[in-house]
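Participant: So the chains spell out like this:
There are 2 protein chains.
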Amino acid sequence: MTTFKLKVLGCGSALPTMRHHPSSQVLNINEKLFLLDCGEGTQLQMRKYHIKFQKIEHVFISHLHGDHFFGLIGFVSTLHLLGRTKDLHVYGDARLENIIHTQLKASDTFLRYQVIFHPLTPKKSEVLFEDENLVIKSFPLNHRINTWGFVFREKVKLRNIKRDFLLEYDVPIDVIMDIKAGADFIDENGKLHPNHKITKTPRSPRSFAYVSDTSYYEPVIEHIKDVHLLYHEATFEASRENDARNKFHATTKQAATIAKAANAQKLLIGHYSARYVDTDFLLEEAKEVFPNTLSANEGLDIDLR
Amino acid sequence: MTTFKLKVLGCGSALPTMRHHPSSQVLNINEKLFLLDCGEGTQLQMRKYHIKFQKIEHVFISHLHGDHFFGLIGFVSTLHLLGRTKDLHVYGDARLENIIHTQLKASDTFLRYQVIFHPLTPKKSEVLFEDENLVIKSFPLNHRINTWGFVFREKVKLRNIKRDFLLEYDVPIDVIMDIKAGADFIDENGKLHPNHKITKTPRSPRSFAYVSDTSYYEPVIEHIKDVHLLYHEATFEASRENDARNKFHATTKQAATIAKAANAQKLLIGHYSARYVDTDFLLEEAKEVFPNTLSANEGLDIDLR
Numbered sequence: 001m002t003t004f005k006l007k008v009l010g011c012g013s014a015l016p017t018m019r020h021h022p023s024s025q026v027l028n029i030n031e032k033l034f035l036l037d038c039g040e041g042t043q044l045q046m047r048k049y050h051i052k053f054q055k056i057e058h059v060f061i062s063h064l065h066g067d068h069f070f071g072l073i074g075f076v077s078t079l080h081l082l083g084r085t086k087d088l089h090v091y092g093d094a095r096l097e098n099i100i101h102t103q104l105k106a107s108d109t110f111l112r113y114q115v116i117f118h119p120l121t122p123k124k125s126e127v128l129f130e131d132e133n134l135v136i137k138s139f140p141l142n143h144r145i146n147t148w149g150f151v152f153r154e155k156v157k158l159r160n161i162k163r164d165f166l167l168e169y170d171v172p173i174d175v176i177m178d179i180k181a182g183a184d185f186i187d188e189n190g191k192l193h194p195n196h197k198i199t200k201t202p203r204s205p206r207s208f209a210y211v212s213d214t215s216y217y218e219p220v221i222e223h224i225k226d227v228h229l230l231y232h233e234a235t236f237e238a239s240r241e242n243d244a245r246n247k248f249h250a251t252t253k254q255a256a257t258i259a260k261a262a263n264a265q266k267l268l269i270g271h272y273s274a275r276y277v278d279t280d281f282l283l284e285e286a287k288e289v290f291p292n293t294l295s296a297n298e299g300l301d302i303d304l305r
Numbered sequence: 001m002t003t004f005k006l007k008v009l010g011c012g013s014a015l016p017t018m019r020h021h022p023s024s025q026v027l028n029i030n031e032k033l034f035l036l037d038c039g040e041g042t043q044l045q046m047r048k049y050h051i052k053f054q055k056i057e058h059v060f061i062s063h064l065h066g067d068h069f070f071g072l073i074g075f076v077s078t079l080h081l082l083g084r085t086k087d088l089h090v091y092g093d094a095r096l097e098n099i100i101h102t103q104l105k106a107s108d109t110f111l112r113y114q115v116i117f118h119p120l121t122p123k124k125s126e127v128l129f130e131d132e133n134l135v136i137k138s139f140p141l142n143h144r145i146n147t148w149g150f151v152f153r154e155k156v157k158l159r160n161i162k163r164d165f166l167l168e169y170d171v172p173i174d175v176i177m178d179i180k181a182g183a184d185f186i187d188e189n190g191k192l193h194p195n196h197k198i199t200k201t202p203r204s205p206r207s208f209a210y211v212s213d214t215s216y217y218e219p220v221i222e223h224i225k226d227v228h229l230l231y232h233e234a235t236f237e238a239s240r241e242n243d244a245r246n247k248f249h250a251t252t253k254q255a256a257t258i259a260k261a262a263n264a265q266k267l268l269i270g271h272y273s274a275r276y277v278d279t280d281f282l283l284e285e286a287k288e289v290f291p292n293t294l295s296a297n298e299g300l301d302i303d304l305r
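Quick mapping for you: the protein sequence lines, in order, are chains U and X.
With the first letter of the first sequence counted as 1, position 46 gets the number 46 in our numbering; the numbers rise by one all the way through.
With the first letter of the second sequence counted as 1, position 161 gets the number 161 in our numbering; the numbers rise by one all the way through.
Please note that a few of the clues may not be correct.
To be verified - One-sided and incomplete, this derived list gives chain X residues near chain U with beta-carbon spacing under 10 Å:
| hint | residue |
| --- | --- |
| 1 | P22 |
| 2 | M46 |
| 3 | K48 |
| 4 | I73 |
| 5 | S107 |
| 6 | S204 |
The set of hints was computed from the structure by calculation and includes no laboratory data.
By construction, the Cβ of each residue, glycine as well, lies at the ideal position given by its N, Cα and C atoms.
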């Protein structure tokens, strides 16, 4: 079974504390690493958790509040110092490119690799990346400034033909493709082989959605329908709905309500306000609405293998 | 006795390691805090070592290599979130202002306090700050890009008149000032009171010089003459003089040679290359040339009280 694993590097919010690092997560899909947000100190967290810097080819920055991107310039610089030559793709607010370039220029740094910026369109959902296995889309959140969520979905796989069947029959390639797509097979003696007898069900495609800073915002639901794992921020406890609304953040129960409405399998909450020394009760609150909830913590792994 | 204390927050070099944080030090002079360089994660180090953020009014950035300033934007933002209203003075390369403003603008942040940028003049020594007790100057170093060192010198204090003497004689204010400056006193009976009998010697003024990234560069000596504590980078071991020259850094022995030539009382070395897991031998090398050498480490305090 191939890897599909999320690692939390930081799950605090804007004010620095000794308990949490600012936002950052790494998604490992078949040993391709995707970095989600990059708060100050992310590269040190990557060192701590033995994340291989050079395996990251795609970075997604949800918005330009510092706790989500101040670590990007350090990461970009370190890749250079480590001798990278491979491209790095960065998806985020259009102004990010200037922010990074201004700083590289000031230190007379000419990168030996290319950072390719992909500006996100405000208030729109777009396909950001697609290959044979995976599609990654952005979708708008509701925060003080332009902010995007990201959803990663593996593609539906064709059925795997059983080895014994292939050895026994000499099947032409076009028929093989039909069988992989679900067709039955009739052999030279006219015998019907139902598809489910000659194929195995492929692994079901896995999916992850990253809903970073946002108020309670129902329009996200359509974008994250049926995901296996949903990260949704939960900055505040349930009773602080007013604070949440005013600051364009969500409460535990709001995060859980979105997870339920989206029919997610699992919910991960984080981005805890610095006021919370103990976050156990935040988890309990979310679980009242959505029982299959986990609480983010630095170093947490969630394996969807 | 008033405080004069240096705290090391980070003493690694450009490549992040789990052993060291990037450059940052805090100098406490009578509970005024001065921040010297501000690599990524400095604000977390300040939290760790209980440095009071709001007590910092002056920040000195030696140059625009990332390991010396990538933490500044995070620190500036956090002061804002903490409700600061007091000015913050930042001394550094002229381009720093644009770097900070570009990032604040991108997040629609309008600071409730003022950051006052003081651009340093390339290749020149200047007085950056002066009050009744202290003078702070910059001086040029020799690195790949414009880089400055900083020297903090307390002013020579007037002598303290003994309390008993003041109680016994009714001395007019102008005579008091003369005595404080070193004059003897002749009382109404014509009796001579030698200055050293009626005054106490004030504490001797203390001084600290911060020589961040530089190759071996003798012109710094005149600026740091007789300092009580000299921080001088020592990125490389003594045998790597060629590496040091090519990378515009110094070796242990070069740092020690500068300390000796400047007649410093104490030397602190740091900015260790990421190649060194154990830095004990670097300290030993420096001590061969300048015995009163200390090795920087995160959390180290040097008290010149």
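Participant: Give a verdict on every hint.
Facilitator: Status of the hints after comparison with the structure:
1. P22: 8 Å, holds
2. M46: 8 Å, holds
3. K48: At about 6 Å, which falls below the 10 Å cut-off, the nearest Cβ of chain U leaves the hint on X/K48 intact, so it holds.
4. I73: 6 Å, holds
5. S107: At 5 Å from the nearest chain U Cβ, X/S107 passes the 10 Å test, so the hint holds.
6. S204: Interface hint status for X/S204: violated (38 Å vs cutoff 10 Å).
Comparing the model with each earlier hint shows a violation of hint 6 alone; every other hint is respected.
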